[in-house]
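Enquirer: At position 97 of the sequence shown (counting the first as 1) the number is 102 in the numbering used here, and the numbers step up by one without a gap.
Computed beta-carbon distance windows for the label pairs:
no.: 1; residue 1: V36; residue 2: I137; range: 35 to 41 Å
no.: 2; residue 1: E136; residue 2: E85; range: 28 to 34 Å
no.: 3; residue 1: V20; residue 2: P112; range: 39 to 45 Å
no.: 4; residue 1: D124; residue 2: A13; range: 27 to 33 Å
No lab work stands behind these hints: they were computed from the structure. A quick note: this is a predicted structure, and the numbers were derived from the prediction, not measured. Even glycine gets a Cβ: it sits at the ideal position worked out from N, Cα and C.
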Amino acid sequence: MRTREAVAQVIYRRVREYFSDSPFGESPPPVIYPPATQEEIAVMESRSGQVLESGYREFLSLTDGLEFRSLFFLGCHDWESGEIREVAETFREVVLDCDPEDVGIPPGAPMFPIAVNLDGSWGIFLIDVAEIAEERYWWTGEGDEFFFTGFADVLTFLNNPGSFAPTRETLL
Numbered sequence: 006m007r008t009r010e011a012v013a014q015v016i017y018r019r020v021r022e023y024f025s026d027s028p029f030g031e032s033p034p035p036v037i038y039p040p041a042t043q044e045e046i047a048v049m050e051s052r053s054g055q056v057l058e059s060g061y062r063e064f065l066s067l068t069d070g071l072e073f074r075s076l077f078f079l080g081c082h083d084w085e086s087g088e089i090r091e092v093a094e095t096f097r098e099v100v101l102d103c104d105p106e107d108v109g110i111p112p113g114a115p116m117f118p119i120a121v122n123l124d125g126s127w128g129i130f131l132i133d134v135a136e137i138a139e140e141r142y143w144w145t146g147e148g149d150e151f152f153f154t155g156f157a158d159v160l161t162f163l164n165n166p167g168s169f170a171p172t173r174e175t176l177l
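From just these sequences and the hints, can you work out the full model?
Expert: Below, the structure written as structure tokens:
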């Protein structure tokens, strides 16, 4: 599935959930942000310390961030300031302190948070481990470890966990 289709499915599901809550929608309304500019995406790429995977780049060119359930997919604007940036930075530090080598991520491999929940207990990293695996995303937290090759795979799994099986629990 392509990224554009996966983003559309996630947004469609989020809108349906919002309107099915009650006549007033008990959950926060879905938000679709304006697309990031190519300049903003270039700054994000520089900040990440790695080449952005094409699916995530396409996502940013469609909507510069997304909230789905309790998970916040960070856009370029989220890195300017704010609570979600602080949560993402703290989550990254905690994960780095917990030895990501245990799941096969080599020391010093670029790891950039692209999604977190508000309490910082789980999130998704863009990783660059090309020397050992083709996976570019690591979903970790609360005892879960999932690896995905493309951003569309992450969204497909999030939208319907039974429709996509992550390839492994460790990269080794």
